[in-house]
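Trainee: Listed below, chain by chain, are the residues.
2 protein chains.
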Amino acid sequence: MTKAARPRTDPDEVREKILEVAEGQFRRIGYQKTTVADIADELGMSAANVYRFFQSKSAINQCICARLLDGAIELAWRHVRAEGDPAERLEALLVAMHRHNRETLIQERRMHDMVAAAVSEHWENVKTYKERLNTIIEGLIREGVDAGVFAADDARIAADCVLGCFGMLLHPVMIEQCIDDDLDTKARHMARFVVRALKA
Amino acid sequence: MTKAARPRTDPDEVREKILEVAEGQFRRIGYQKTTVADIADELGMSAANVYRFFQSKSAINQCICARLLDGAIELAWRHVRAEGDPAERLEALLVAMHRHNRETLIQERRMHDMVAAAVSEHWENVKTYKERLNTIIEGLIREGVDAGVFAADDARIAADCVLGCFGMLLHPVMIEQCIDDDLDTKARHMARFVVRALKA
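Residue numbers (our numbering), protein chains in the order written: chain R, 10 to 209; chain H, 10 to 209.
Incorrect hints may appear among the rest.
It does not matter which identical chain is used: a pair holds within one copy or between any two.
Restricting the straight-line Cα-Cα distance to at most 25 angstroms, the calculated cross-link-like pairs of lysine-lysine (BS3-like) are [as the list claims (entries may be wrong)]:
1. Lys66 <-> Lys208
2. Lys208 <-> Lys136
3. Lys139 <-> Lys26
4. Lys136 <-> Lys26
5. Lys42 <-> Lys208
6. Lys42 <-> Lys195
7. Lys26 <-> Lys195
8. Lys195 <-> Lys66
9. Lys139 <-> Lys208
10. Lys26 <-> Lys208
11. Lys195 <-> Lys208
12. Lys66 <-> Lys26
13. Lys195 <-> Lys139
14. Lys139 <-> Lys42
Hints in this document: simulated from the structure, not taken from any laboratory.
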């Protein structure tokens with residue numbers, strides 16, 4: 010009798026599957042209430058096996074949140090790389106970033122403790138994300154300056170100001186505090202206002 | 010023997026004294042750790058007597074925070090009523106409001122739970138404060154439009170945008186999260202940037 014070849018599992022695929030199941034549980038049950046054992050259970054594996062891939066629940070959350078932030082960065086790039094007037098693209102980018110954060114991070118109430126935990130446990134990730142976003146916007150401002158649409162003595166400081174102005178509309182905790190307001194209208198007004206500050 | 014005239018105490022003075030002692034304790038010991046009995050003790054009166062003036066510790070805190078907010082509104086009025094270019098006054102007003110909030114609400118670490126409790130227990134106060142500040146800034150924008158310095162289709166929406174842009178630099182929780190950054194430089198850059206969005 011020949012030994013049946015045991016299907017090889019790709020470690021990357023296992024990691025991916027763990028993240029997917031964990032994200033589902035964090036969203037449904039909440040980050041604080043989910044345990045690594047719960048995640049392992051749904052995957053039909055042992056908790057010890059999950060720990061071979063991730064040191065802790067916090068490490069799993071870090072990866073999930075990093076992917077959410079990567080999604081936001083991708084969105085920003087799409088607007089930067091599009092055709093057309095840099096002013097219009099910056100305005101659209103800001104509104105889209107607000108909507109992305111409002112919908113991904115806040116819409117589902119249970120997400121809140123996951124995001125809050127990620128912000129407090131992995132502040133470095135958030136800082137890196139802000140740096141990247143800042144640099145992407147700086148690039149778009151430079152493009153606008155070259156095209157004669159924008160005027161800015163220092164594109165880096167200008168990008169800082171743009172993001173600073175949109176802080177309340179991008180920060181999950183602040184979005185949640187104002188979730189009953191008409192944030193979409195506010196975001197559109199604010200984006201137009203902020204872009205006006207850059208106009209040549 | 011004539012009965013010694015008992016000094017009459019003015020209820021307003023007692024209220025004032027209670028608020029003063031309570032604010033001192035909230036700042037030194039923290040809001041959560043201070044009890045009405047502690048406040049009464051320092052005043053040499055019974056807790057029951059304190060309760061004749063304020064229904065609860067939360068009611069005391071509401072009055073203290075309302076006074077802090079009134080102080081901020083006074084500061085805003087001073088800039089609005091000053092002489093000179095409306096653009097320069099708006100810029101100075103924004104930087105001054107940031108400094109006021111940073112110094113009054115945040116500098117003393119123990120203040121934080123007092124402010125956080127006030128924000129969550131008395132959200133209506135904060136909303137009223139924002140409304141007043143918004144209207145004061147709207148007035149300054151209208152003045153700038155009349156003077157030909159500012160251009161704004163709708164001064165109310167413009168004031169909303171100005172305050173929205175400065176939200177991160179005015180909100181105590183957000184200031185605290187970034188307290189290690191060079192917030193003063195940031196506030197100056199942001200104020201100049203925001204005023205630029207209004208320029209005619």
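Trainee: All hints, please: hold or fail.
Mentor: Now for the hints, and whether the structure bears them out:
For the identical chains of this complex, Lys66 and Lys208 are neighbours neither inside a copy (46 angstroms) nor across copies (51 angstroms), given an alpha-carbon limit of 25 angstroms. With identical chains, the CA atoms of Lys208 and Lys136 are never at most 25 angstroms apart, being 28 angstroms at best within one copy and 32 angstroms at best between copies. Taking CA atoms no more than 25 angstroms apart as the test, Lys139 paired with Lys26 passes in neither setting, with 28 angstroms inside one copy and 47 angstroms between copies. When the C-alpha separation of Lys136 and Lys26 is checked against a cutoff of 25 angstroms, the pair qualifies neither within a copy, at 27 angstroms, nor between copies, at 45 angstroms.
Taking the closest pair of Cα atoms, Lys42 and Lys208 never come within 25 angstroms of each other, the shortest separation being 49 angstroms inside a single copy and 51 angstroms across copies. Taking the shortest alpha-carbon separations for Lys42 and Lys195, neither the intra-copy value of 34 angstroms nor the inter-copy value of 39 angstroms comes in at or below 25 angstroms. Taking the closest pair of Cα atoms, Lys26 and Lys195 never come within 25 angstroms of each other, the shortest separation being 38 angstroms inside a single copy and 43 angstroms across copies. In this homomeric assembly, Lys195 and Lys66 never come within 25 angstroms of each other (Cα to Cα): the closest approach is 36 angstroms inside a single copy and 36 angstroms across copies.
Taking the closest pair of Cα atoms, Lys139 and Lys208 come within 25 angstroms of each other only inside a single copy of the chain (23 angstroms); across copies the shortest separation is 28 angstroms, beyond that limit. Proximity of Lys26 and Lys208 under a CA criterion of 25 angstroms is satisfied in neither setting, with 47 angstroms inside one chain copy and 53 angstroms between copies. For the homomeric pair Lys195 and Lys208, the shortest alpha-carbon distances inside one copy (20 angstroms) and between copies (20 angstroms) are both at most 25 angstroms. Within a single copy, Lys66 and Lys26 get their C-alpha atoms as close as 15 angstroms, which meets the 25 angstroms cut-off; across copies the closest is 51 angstroms, which misses it.
In this homomeric assembly, Lys195 and Lys139 come within 25 angstroms of each other (Cα to Cα) both inside a single copy, at 22 angstroms, and across copies, at 15 angstroms. In this assembly of identical chains, the alpha carbons of Lys139 and Lys42 never lie at most 25 angstroms apart, being 29 angstroms within a copy and 36 angstroms across copies at closest.
In summary, the structure is inconsistent with hints 1, 2, 3, 4, 5, 6, 7, 8, 10 and 14 from the numbered list given earlier, while agreeing with the others.
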